[in-house]
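**Q** Here is what each chain is made of, one letter per residue.
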Amino acid sequence: MLSRDSIRKILLTAAVLVMCVGIAQAQAKNVTLTYRIWDVNQAPAMREIAERFHEANPNITVNVEVTPWSQYWTSLEAAATGRNLPDLFWLNAWFVLYAENDQLMPLDNYIERDNVDLGNFPEKLVNNFVFNGTVYGLPKDFDTVGLWYNKEIFDEAGIAYPDESWDWDTLVEIAKKLTNEEKQVWGFNASPNQQSGYGSFVYQNGGYMISEDLTQAGWTDKNTMGALEFWRDLLFVHKVSPTVAQQTDTPGEALFEAGRLAMHINGSWNSIRFRDNEYTRDRVDVAVLPKGKQRAVIFNGLGNVIAANTKYPEEAWQFLKFLSSEEAHLIQGRTGTVIPAFNGTQQPWVESVPAFNLQAFVDMVEYGAAAPWHRESGKMGQIQTDWLNRVWSGELTVEQACEQLQAEYEALLSR
Amino acid sequence: MIARPKRRLNPKKKHDYMWGYLMILPTMVGTIIFNFWPLVQSLYLSFTKWGAFGSYSWGGLVNYRRLFSDPNLAMALRNTIVYALMVVPASLALSILVAVLLNQDIRGVGVYRTLYFLPVVTMTVAVGMVWRWLYNADFGLINHVLKLVSIEGPRWLTDPSWSLSSIAVVAIWGGIGHNMVILLSGLQSIPSTYYEAAEIDGANAFIKFFRITLPLLTPTIFFLAVTGLIGALQVFELIFMMIGPESPVIRQTQTLVFMFYREAFIFMDKGYAAAIIFILFLLVLVVTIMQFAAQKKWVHYE
Chain A
195 MLSRDSIRKI
205 LLTAAVLVMC
215 VGIAQAQAKN
225 VTLTYRIWDV
235 NQAPAMREIA
245 ERFHEANPNI
255 TVNVEVTPWS
265 QYWTSLEAAA
275 TGRNLPDLFW
285 LNAWFVLYAE
295 NDQLMPLDNY
305 IERDNVDLGN
315 FPEKLVNNFV
325 FNGTVYGLPK
335 DFDTVGLWYN
345 KEIFDEAGIA
355 YPDESWDWDT
365 LVEIAKKLTN
375 EEKQVWGFNA
385 SPNQQSGYGS
395 FVYQNGGYMI
405 SEDLTQAGWT
415 DKNTMGALEF
425 WRDLLFVHKV
435 SPTVAQQTDT
445 PGEALFEAGR
455 LAMHINGSWN
465 SIRFRDNEYT
475 RDRVDVAVLP
485 KGKQRAVIFN
495 GLGNVIAANT
505 KYPEEAWQFL
515 KFLSSEEAHL
525 IQGRTGTVIP
535 AFNGTQQPWV
545 ESVPAFNLQA
555 FVDMVEYGAA
565 APWHRESGKM
575 GQIQTDWLNR
585 VWSGELTVEQ
595 ACEQLQAEYE
605 ALLSR
Chain B
15 MIARPKRRLN
25 PKKKHDYMWG
35 YLMILPTMVG
45 TIIFNFWPLV
55 QSLYLSFTKW
65 GAFGSYSWGG
75 LVNYRRLFSD
85 PNLAMALRNT
95 IVYALMVVPA
105 SLALSILVAV
115 LLNQDIRGVG
125 VYRTLYFLPV
135 VTMTVAVGMV
145 WRWLYNADFG
155 LINHVLKLVS
165 IEGPRWLTDP
175 SWSLSSIAVV
185 AIWGGIGHNM
195 VILLSGLQSI
205 PSTYYEAAEI
215 DGANAFIKFF
225 RITLPLLTPT
235 IFFLAVTGLI
245 GALQVFELIF
255 MMIGPESPVI
265 RQTQTLVFMF
275 YREAFIFMDK
285 GYAAAIIFIL
295 FLLVLVVTIM
305 QFAAQKKWVH
315 YE
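If you're matching them up, the sequences are chains A and B in order.
So the mapping is simple: this note's numbering equals the position in the first sequence, first residue as 1, plus 194.
So the mapping is simple: this note's numbering equals the position in the second sequence, first residue as 1, plus 14.
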């Protein structure tokens, strides 16, 4: 039983608490914003940016929340459906779906009011976040993929490192030389992932997945199928790659970090991963992709957006403005986190890991390519994985899978 | 018509009834809000067409028509049933064996019981992750040990002819602890007089097990068979953790709940997903009714 005295104490405490809440509300402008991202490697830099912002705006606190990529889109969709989106978050190809369904805050008025210069960013990246003539997001970074290689394996075989003179034939020839079944070392991994795999090769061969005007699917295009045939041959004809089953058990990055891969395509965003890994730190480097009929590389960019129904539009905008400032982009670059999108801030990123030739990633931007964004981009990604996995496992021919993909993409494009 | 005499409750009885209902009220409210209402909603949603972010419209039978021409349905249905048939009988047989062994007076029985029960209190997600490492065909412990005795281990999780069985093994192993605890309580409620009488008649351990233990354990086994089968038909976490939507073998390994997850949370089509889950609901219902019908043949109540 509670004594009369303890009841009195509880009531008193409650009264004090109520008063505290009252005081907090009186100050009113103490605002906490949520900023959701998907890459744990980037969290330190994002938190640093949030802290800098807090120093300049002591009444606004920003919580950086990490939701891993594999759950990001599911949880974001659930949040949007429940009208509970974080105040700010990252978007890429799914942008169209969110903009089209009024989930994002239009930024035009703020940009005009505060004289934010969109010319600070590459035009293509800015245009990614424009829907029906309205700006809904600002570029955060961009990325390309490069040919990472293990210098030790090259040295042991007495073979010169990859450079910009390489083409597809060189890749196959050298990969064959470096493959050693007995030691379980492969020359290259033909990854089942589009971005760190066959995607760039489709563009290098003159193929495409979706036409620029979003009306055509390009799967049955001769050049698209040609690139996929090349990828398939790496697995089944030249046998220079671990099988896709093997790569599912142990992903390419991990095989590369275990010294089992001589060459491996991976993105600029993984340079911190290879920098922090004890094995790869001083054993690997990176070069531009080998060229096909033409040079091309998958080129992507993220943007920061604000939820349409944020409770604090003004504060969220202030933080977005800071995220899009030269200062914030320099933090992203200096820490080696990602290639910042702000013009002229790329150099600190290039210099962030002196052991790696990160300049290669920036050099490739001039021939960067990517599928245009569509409201069904998310679904298309999964469909693509489903059908092409059946090619990489040897169950279907490239032609069979591409015919299916063509039909399913056309149905989605015409929706 | 015969007029039924109105049952009059004396005030004492009435009072008891009121308390009785009050006691089950929290559970009933929970069941209605979290089980019954979603069931009704799911049924409704399975007749709707879904747009982005929770917008939907009436679609009639469109989802069911699409479902019955979906090649994935037959595969998922087959996988679900095969999986349940692999898991439930094996799990029960092993659990009975373990429970009987751990019902003896042996030293350190508490330690063994704890060991078997550990997987039950471990998160399925963590269990899935650890087993995924064990199963890794190139670097995993299982294939490493097999190699020591010159056996080339298969690709447990990425070979479509092995993946479902590999998952089933984890589920069987993980289920023993839970079954064991319930079987132990069943074992301990068997009166020792039966065994004493049997011993006087000269029965050996095997006869005692098959003539006394097993028959008197059938109500417990029946309970475990019903709940175990329902659980097995709803398997999801292990497949999500150990195979995942990107795997080349997911098509040959996916079950109904995984197919539901894919449609609801990757393709964001909750209407179609609701139709899939209704097929599962019907399957569970039919199987459970069949089990209750069959129990008369083999379950002995004391």
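Everything labelled a hint here was simulated from the structure, so no lab data went into it.
In this text, a Cβ means the ideal position worked out from N, Cα and C, and glycines have one as well.
Be careful, since some hints might not be right.
Here are the simulated DSS-like pairs of lysine-lysine, each with C-alpha atoms no more than 30 Å apart in a straight line [claimed, not checked]: (1) A:Lys318 to A:Lys345; (2) B:Lys63 to A:Lys573; (3) B:Lys63 to A:Lys371; (4) A:Lys377 to A:Lys345; (5) A:Lys371 to A:Lys433; (6) B:Lys63 to A:Lys433; (7) A:Lys515 to A:Lys223; (8) A:Lys377 to B:Lys63; (9) A:Lys370 to A:Lys485; (10) A:Lys416 to A:Lys433; (11) B:Lys63 to A:Lys370; (12) A:Lys485 to A:Lys318.
To spell it out: a stretch of chain B is covered by chain A in this simulated footprint if at least three of its residues, at any positions, have a beta carbon under 8 Å from a beta carbon of chain A; those stretches are [what the hints assert, rightly or not]: (13) 56-68; (14) 162-172; (15) 219-230; (16) 259-266.
**Q** If a hint holds in the structure, say so; if it doesn't, say that too.
**A** Against the structure, the hints come out as follows:
no.: 1; hint: A:Lys318 to A:Lys345; in the structure: 35 Å, violated
no.: 2; hint: B:Lys63 to A:Lys573; in the structure: 16 Å, holds
no.: 3; hint: B:Lys63 to A:Lys371; in the structure: 55 Å, violated
no.: 4; hint: A:Lys377 to A:Lys345; in the structure: 17 Å, holds
no.: 5; hint: A:Lys371 to A:Lys433; in the structure: 11 Å, holds
no.: 6; hint: B:Lys63 to A:Lys433; in the structure: 46 Å, violated
no.: 7; hint: A:Lys515 to A:Lys223; in the structure: 18 Å, holds
no.: 8; hint: A:Lys377 to B:Lys63; in the structure: 54 Å, violated
no.: 9; hint: A:Lys370 to A:Lys485; in the structure: 18 Å, holds
no.: 10; hint: A:Lys416 to A:Lys433; in the structure: 24 Å, holds
no.: 11; hint: B:Lys63 to A:Lys370; in the structure: 51 Å, violated
no.: 12; hint: A:Lys485 to A:Lys318; in the structure: 23 Å, holds
no.: 13; hint: 56-68; in the structure: holds (count 3)
no.: 14; hint: 162-172; in the structure: holds (count 3)
no.: 15; hint: 219-230; in the structure: violated (count 0)
no.: 16; hint: 259-266; in the structure: holds (count 6)
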